[in-house]
Every structure is written in structure tokens, then in C-alpha cells.
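> If you want the building blocks of each chain, they are given just below.
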Amino acid sequence: MEHGGGAPSTLLDQAIGTLAGRLLLVQDSVETSAAFLLHHLLKRSLSPHSSYAAVVFLSFAHPFSHYDRILRKLGCNLAAQRDNNRLFFFDMLIWECPDEEGEKTSGGSLISLFGKIRKVISALPQERKNSVTIMIDDVSLMEVAARGSTNLVLDFLHYCHTLTSELGCSLVAFTHEDIYSSTEAPAFILQMEYLAGILVKAEPLSTGLAKDVHGQLTVLNRGRYDGHGSKYKISNFHFKVKENSVEYFYPGSRT
Amino acid sequence: MADSICRALRDGALEGEHAPALTIKDSTASPFGFDVYSYVLSQLCSNILAGKSQSRGLVLVAFSRSPSFYIDLLKRRGLDFASSPKWIHILDCYTDPLGWKDGLVECASATSPSHGASNIATAYKNVKDVNKLLSMIVELGQGLVGQGKFRFCAAIDSVSEMLRHSSLSSVSGLVSNLRSHDRVSSIFWLLHSDLHQDRVIAAFEYISSMVASVEPFNQYANGQRGNINTPSLPEQNSAKGKFSVRFKRRNGRVRVVCEELHAEQSGINFTSLSPEDGVMNQGLIPKVQFSLQLTEKERIDRANVVLPFEHQGNGKLIQIYDGRRSLADANDEETPVPAKKSETNESSKGEIIYFRDSEDEMPDSDEDPDDDLDI
Chain Y
497 MEHGGGAPST
507 LLDQAIGTLA
517 GRLLLVQDSV
527 ETSAAFLLHH
537 LLKRSLSPHS
547 SYAAVVFLSF
557 AHPFSHYDRI
567 LRKLGCNLAA
577 QRDNNRLFFF
587 DMLIWECPDE
597 EGEKTSGGSL
607 ISLFGKIRKV
617 ISALPQERKN
627 SVTIMIDDVS
637 LMEVAARGST
647 NLVLDFLHYC
657 HTLTSELGCS
667 LVAFTHEDIY
677 SSTEAPAFIL
687 QMEYLAGILV
697 KAEPLSTGLA
707 KDVHGQLTVL
717 NRGRYDGHGS
727 KYKISNFHFK
737 VKENSVEYFY
747 PGSRT
Chain G
2 MADSICRALR
12 DGALEGEHAP
22 ALTIKDSTAS
32 PFGFDVYSYV
42 LSQLCSNILA
52 GKSQSRGLVL
62 VAFSRSPSFY
72 IDLLKRRGLD
82 FASSPKWIHI
92 LDCYTDPLGW
102 KDGLVECASA
112 TSPSHGASNI
122 ATAYKNVKDV
132 NKLLSMIVEL
142 GQGLVGQGKF
152 RFCAAIDSVS
162 EMLRHSSLSS
172 VSGLVSNLRS
182 HDRVSSIFWL
192 LHSDLHQDRV
202 IAAFEYISSM
212 VASVEPFNQY
222 ANGQRGNINT
232 PSLPEQNSAK
242 GKFSVRFKRR
252 NGRVRVVCEE
262 LHAEQSGINF
272 TSLSPEDGVM
282 NQGLIPKVQF
292 SLQLTEKERI
302 DRANVVLPFE
312 HQGNGKLIQI
322 YDGRRSLADA
332 NDEETPVPAK
342 KSETNESSKG
352 EIIYFRDSED
362 EMPDSDEDPD
372 DDLDI
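Protein chains in written order, with the working numbering: chain Y, 497 to 751; chain G, 2 to 376.
Isolated chain Y, as found in the complex (with noise of 0.2 Å):
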């Protein structure tokens, strides 16, 4: 299993398991944030052991610099690796759809996005093309971005997709769940769901807040269709955000 710098496996590495060729799905809520799956994520895509891998990151959410501080203290230098062409980050903040001339420009940009991703990766030698993650923070703001067009940005999730199962590369997106949560049939989220090859939400504990335990992951795997591993499996543990790792754990396994 590849995961980063040679650190013992945590139950959410053996939960997720490999990621080549997969959409990893990972939802949070307003009173539980997943952001530090996803610096886990950044952190195990870069790690030294893989030295061929790339990462392309898509920020829709924070600047260079905030990602930049929050890895340097996980042991992990950003603009170093972006100097060394392995992370390609694109700032997507100011990043808008053009709305007036109806949906052909507007998805033109979208359009355009992954054509540069395309190209980012098709520059890579061969041998580094299937050890590339693509990671988007967060879809949720993608589809602002996108003027509330989600069928455009399920369209480029769908072309994002088709890059891992042509190239093997991996692709991680980021969502909030609660705020589909309400509407009536919340079919942007599912339609990601049944997309995703892992699916990772972080939820508050059900028994209300405790001071050591932080809030339950439910990563549900559906496996491999070539049969590798098993088929179909949820697994659920607590977490502990501390002020460089996170501590996994099953419930009740602590004092």
C-alpha cells in the first residue's frame, strides 16, 4: 500500500486502500470539517515514497498560502514541490463562468479547465501518467463558480473521470453534504456518490460533542470491479484532530 512517508498504516490508509484509477468522494458537515483528510490526502499523494507522482490541485476554496502553511507543519514543503513540478496548483478563486452568451460559454470555461488539466498531465513522461491525482476543494464552490450550473460540473466531473480509467490516475473531490441536505431530491450529491469508487464522510459523534474524540469517518469502499480485495465494505472509526496528525480509532477502544 502507498501511503505517505513510511508511517505506520492508520485505519483510514487500510480503509481507503489503494487510489489508483478511483474517484474518492469525501463529505464533511458544518459541525464536523474533513479539510484535514484532505491535507492527509495532499501529504500521501506527495510522499517521497512515490516519487513519480503528481498531484494537480484545483483550489476553489483557499490561496496557495494557506494550504502552503498548513502542510509545511505536517512535514511536508509545497512550493517545493511545486518548484519541482510535482504539485500543479491552480488558484481557481477569482476563477468565474461567463454567464451572458447561455450555457455553450459558460461551460466553455469548464471546458477549457480540463483541457489544461489534460495538458498538465499529457506533459508528464509516461511513466509518472498513472500515479497523478487530481484534487478538488471544494465542488460545492466549483458549482458556485459554475453560476449553480451542476450538470456542468457533473459533466466535468464525468471528463475528470474518464482520466482515470484511461491514464489510472486517481481523483479526489471535496463536498459538503449538509447543504444538499434540505433540498428535495438531492440528486447533485447522489449522482456523485454513484460516481465514486470510495466514499469518506466525516459526521459529528451522534451522542453530541466529547472533548476527546473529535468525530466519526464512515469511509465506505465499493471495491474493485477486477477483484481485488474486498468487494463492498464500510468501515467506521472516530478521530482525533491533534496539532500535527490525526489519531483514528474504533469506538470505545480509548479511555
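Honestly, I wouldn't trust all of these hints.
Quick list of in silico lysine-lysine cross-link-like pairs, BS3-like style, CA-CA up to 27 Å [stated by the list, open to error]: (1) Y:K612 - Y:K736; (2) Y:K729 - G:K76; (3) Y:K729 - Y:K569; (4) Y:K729 - G:K241; (5) G:K126 - Y:K615; (6) Y:K569 - Y:K615; (7) G:K76 - G:K298; (8) Y:K612 - Y:K707; (9) G:K87 - G:K76; (10) Y:K625 - Y:K615; (11) Y:K729 - G:K243; (12) G:K241 - Y:K625; (13) Y:K612 - Y:K729; (14) Y:K738 - Y:K612; (15) G:K150 - G:K87; (16) Y:K539 - Y:K738; (17) G:K150 - G:K129; (18) Y:K625 - G:K126; (19) G:K87 - G:K126; (20) G:K87 - G:K133; (21) G:K133 - Y:K612; (22) G:K133 - G:K150; (23) Y:K612 - G:K129; (24) Y:K625 - Y:K612.
Among the chain G residues that face chain Y by a calculated CB cut under 7 Å, a handful are [unchecked claim]: (25) T29; (26) A30; (27) S67; (28) T96; (29) W101; (30) L105; (31) H193; (32) D195; (33) L196; (34) A240.
Residues from chain Y that keep clear of chain G, each with C-beta distances beyond 12 Å, as calculated [what the hints assert, rightly or not]: (35) D509; (36) K615; (37) E639; (38) N647.
Worth flagging that the hints you see were computed from the coordinates, not collected in a lab. Heads up, the beta-carbon is just placed ideally off N, CA and C, and yes, glycines get one too.
Go by the hints and put chain G onto chain Y.
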């Protein structure tokens, strides 16, 4: 039941009737629809290859998986692609459904379809044009089976994906046109039921002659989403679901059958439901710890019981207890009844025998039994 689905798709359409059509539907709570779909697909493919089915070819419309995925899937099931009459064609609506990649000339050479999929897969780059899709499916199917009388099957791997790009009326129009086409032998498709309104699901169920749905065992009553939110166990491999099939006959008869579905590494298995679930299906008798029904022996025994006074008219003196008989009379009666029973030796006959203990048997309590009479 999964077998009877595959048989119906294999046997194909009768002359002058619509082709049999199958809807496979699932939901996020039990997302095994695709496993069922690939099971049906590979069964049908092996039937086509063995020459057992009415159809001689299959057109697979791929929306949610890449052609190379399907080729791998079918190869793993031991199906042969190299056989000389070409029998499968994949219409690839997955790789570039909207023609985005066409516009990106600078990296057109970046992808080359792997696995030599190019000779059995055709890319389709404008999924919004449903009419063209229909004519393309028919064209590819006829290309497979030639101009003779042979028919072909069609499989659509996600109608949900089609519905995202075009309207309900156009998609259901495509499906129903395919179904009534005289060269189509059978057709099946996959639908994610929780992505659509009920009317959309109903529209597709009307078009189909069989509906196979995958449901979780313990369904929430209000269709609330998120069963996986709080699993009871820290880890579970819950690859199980309820598989129910509704067959609609030509004469309008509807039959519903249920099975249990296990998704395993090697594929998918169907087992009949365990007995207690079977009882629930047969009748609506609630499950209680008492036995509410009689066994056959109990029924016979009950029929043989002679009720009190039922012996009237068989020559004996009719005696009706009036509550004033003396103790002596009661004692007289005590002996003959068992004696008679032993001499006639009717041991198979049941009988209710009541011996009154004594004359001065007291009522249960000393209050007036007619206390509450309102006279």
C-alpha cells in the same frame, strides 16, 4: 429468478410483439444494480456466443463505464472477442459524451484507446442528440447481424446518465422505439431510482416487461437517505441485498418474486430467501411466537372430537344436566362412559368428558352473578 430474466432476454421477441425489456434499478442504499447489470450482460453474451439465443449480436451503449472496462469484464468471464462473426459492438458514450475532447486539439494524441477496443467500439460525441443515438444503435445492430432475419439485443448501462443530458420524453421515446423495432430481440437498461422523480421511474417501468430492483433488506419507511451513515458495526462487508423481480405477462398478469443477492469478489450470487422471510411473503400472517395455524394431524384430530350433546339421536337416553341432579346420579354416570368407550374401541375418536365434582360446587365468588343486569 435471475435465471428466468436471462431466459426471457435470450428467447427474445415473438413475431408481432414488443421485445422483452428489463429495467434494473437500484439506489445508493444498495448500489448493486451495476453488478446485476453485468451479470445479465455476461449471461446474455455467453448465450449469444453459444448460439442459443434468438439474437445474433449485442449493441452495448456505454455511458458510465469505459469500453475497455467491458472488454475486461467479458474476457474475465471467458468470452471470446476474436470469433469471426462479430457479435458485440460498444457504442462509447463514456469517453467523450459532449465532444469536449474534440475541441482540445493540442492533446488529441494523448489518449489512444487501449485493449484494441477501436474495432468493436465506436465513439459517440453528442449524447444530447437522442435521435441520432437511436439511429446509430440500429445501424450498428444491423451491421452486426446483417440484412437477414436475425435480430440483435441492446443494453444501455445507465439511463440515469442519459436523463441528465436529455428530457424524459426523448429518452423514453428512444427506449420504446428500440423495443418496438422489428430487428431488436430484447433490451435491458440500468436506472438509479433515487436520482429521479417517481414519475420518471414509473415511465420506464411501464415500458419494460420485467423490473428487477435491488433494495436493502431493512428499508427506511420514508425513503430517508443515508443508511450507511451510522453502521451498527465498526466494520462490515455488507454486500447483501434484496433482489425482487416483477414479471409482466402479455395477458396482464403480474408476478413478483424475491431473492437474496450477494455481491462477491468473483461476481454475484442469488439465493432464495430464508424460510422465515418466505413465510412473510406467502401470507400476511404476522410473525408471533404462538402457532396460529394447525398442522395436518391437529386438523384431523380436531375433526374427530365429538362435542358434548353431539351424540344425541344415536339411541341413547338424552340427558341434559339441569343442575339439580343428585350426587348419586352423577356417580352412576361416572362408570358407564369410560366402559362404553373401551368396548367400542373407538380410540381414534376424541371425546370431551366432563365429571362434575360435587353438587355443592361453589360459584367463583360470592357476589351475585346477575349483579350488572339492567332490568
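> Confirm or reject each hint.
Structure-based check of each hint:
1. Using a Cα cut-off of 27 Å, the hinted pair Y:K612 and Y:K736 is violated, with the two alpha carbons roughly 37 Å apart.
2. At roughly 26 Å between alpha-carbon atoms, Y:K729 and G:K76 fall within 27 Å of each other, so this suggested pair holds.
3. Our distance criterion of 27 Å between C-alpha atoms is broken by Y:K729 and Y:K569, whose separation comes to about 32 Å.
4. Taking the CA atoms of Y:K729 and G:K241, the gap is about 11 Å. The hint holds against a cut of 27 Å.
5. Using a Cα cut-off of 27 Å, the hinted pair G:K126 and Y:K615 holds, with the two alpha carbons roughly 20 Å apart.
6. For the hint linking Y:K569 to Y:K615, the alpha-carbon distance of about 31 Å lies beyond 27 Å, and the restraint is violated.
7. With a C-alpha separation of about 57 Å, the suggested pair G:K76 and G:K298 falls outside the 27 Å cut-off, and the hint is violated.
8. For the proposed pair Y:K612 and Y:K707, the alpha carbon gap of about 45 Å is over 27 Å, so the pair is violated.
9. With a C-alpha separation of about 15 Å, the suggested pair G:K87 and G:K76 falls inside the 27 Å cut-off, and the hint holds.
10. For the suggested pair Y:K625 and Y:K615, the alpha carbons sit about 11 Å apart, so the restraint of at most 27 Å is met.
11. At roughly 18 Å between alpha-carbon atoms, Y:K729 and G:K243 fall within 27 Å of each other, so this suggested pair holds.
12. Note on G:K241 and Y:K625: the hinted pairing is violated, with a Cα-Cα distance of about 36 Å set against a maximum of 27 Å.
13. A distance of roughly 35 Å separates the Cα atoms of Y:K612 and Y:K729; the hinted pair therefore is violated under the 27 Å criterion.
14. Of the supplied pair hints, the one linking Y:K738 and Y:K612 is violated, its CA atoms being roughly 36 Å apart against a limit of 27 Å.
15. Of the supplied pair hints, the one linking G:K150 and G:K87 holds, its CA atoms being roughly 17 Å apart against a limit of 27 Å.
16. The straight-line distance between the Cα atoms of Y:K539 and Y:K738 is roughly 16 Å, inside the 27 Å bound, and the hint therefore holds.
17. Between G:K150 and G:K129 the alpha-carbon distance is near 31 Å, which puts this suggested pair outside the 27 Å criterion.
18. Annotation: proposed proximity of Y:K625 to G:K126 holds, straight-line Cα distance about 25 Å (limit 27 Å).
19. Annotation: proposed proximity of G:K87 to G:K126 holds, straight-line Cα distance about 23 Å (limit 27 Å).
20. In summary, the hint linking G:K87 to G:K133 is supported, as the alpha carbons are separated by about 23 Å, within the 27 Å threshold.
21. A threshold of 27 Å between alpha carbons decides the hint, and for G:K133 with Y:K612 the separation of about 30 Å lies outside it, so the pair is violated.
22. Of the supplied pair hints, the one linking G:K133 and G:K150 holds, its CA atoms being roughly 24 Å apart against a limit of 27 Å.
23. Using a Cα cut-off of 27 Å, the hinted pair Y:K612 and G:K129 holds, with the two alpha carbons roughly 25 Å apart.
24. The straight-line distance between the Cα atoms of Y:K625 and Y:K612 is roughly 15 Å, inside the 27 Å bound, and the hint therefore holds.
25. At about 5 Å, the closest approach between the beta carbon of G:T29 and any beta carbon in chain Y falls short of 7 Å, and the interface hint on this residue holds.
26. A hinted interface residue such as G:A30 counts as satisfied when its beta carbon comes closer than 7 Å to some beta carbon of chain Y; here the least separation is about 11 Å, so the hint is violated.
27. A hinted interface residue such as G:S67 counts as satisfied when its beta carbon comes closer than 7 Å to some beta carbon of chain Y; here the least separation is about 4 Å, so the hint holds.
28. Interface restraint check: G:T96 against chain Y, minimum CB-CB distance 6 Å, threshold 7 Å, status holds.
29. For G:W101, the interface hint holds, the least distance from its beta-carbon to any beta-carbon of chain Y being 5 Å, beneath 7 Å.
30. Look at G:L105: its Cβ gets to within about 4 Å of chain Y, closer than 7 Å, so that hint holds up.
31. Checking G:H193 against chain Y: minimum C-beta separation of about 6 Å stays under 7 Å; hint holds.
32. The restraint placing G:D195 at the interface with chain Y holds, with a minimum CB-CB distance near 6 Å, inside the 7 Å limit.
33. Annotation: G:L196 was flagged as interfacial toward chain Y, and the flag holds, the nearest CB pair being 5 Å apart, inside 7 Å.
34. The restraint placing G:A240 at the interface with chain Y holds, with a minimum CB-CB distance near 4 Å, inside the 7 Å limit.
35. No beta-carbon of chain G is positioned within 12 Å of the beta-carbon of Y:D509; the least distance is around 14 Å.
36. Residue-level check failed: Y:K615 sits 6 Å from the nearest beta carbon of chain G, not beyond 12 Å.
37. Non-interface status of Y:E639 relative to chain G is upheld: no Cβ of that chain comes within 12 Å, the nearest being about 15 Å off.
38. Residue-level check failed: Y:N647 sits 6 Å from the nearest beta carbon of chain G, not beyond 12 Å.
Of the hints listed earlier, those the structure fails to meet are numbers 1, 3, 6, 7, 8, 12, 13, 14, 17, 21, 26, 36 and 38, in rising order.
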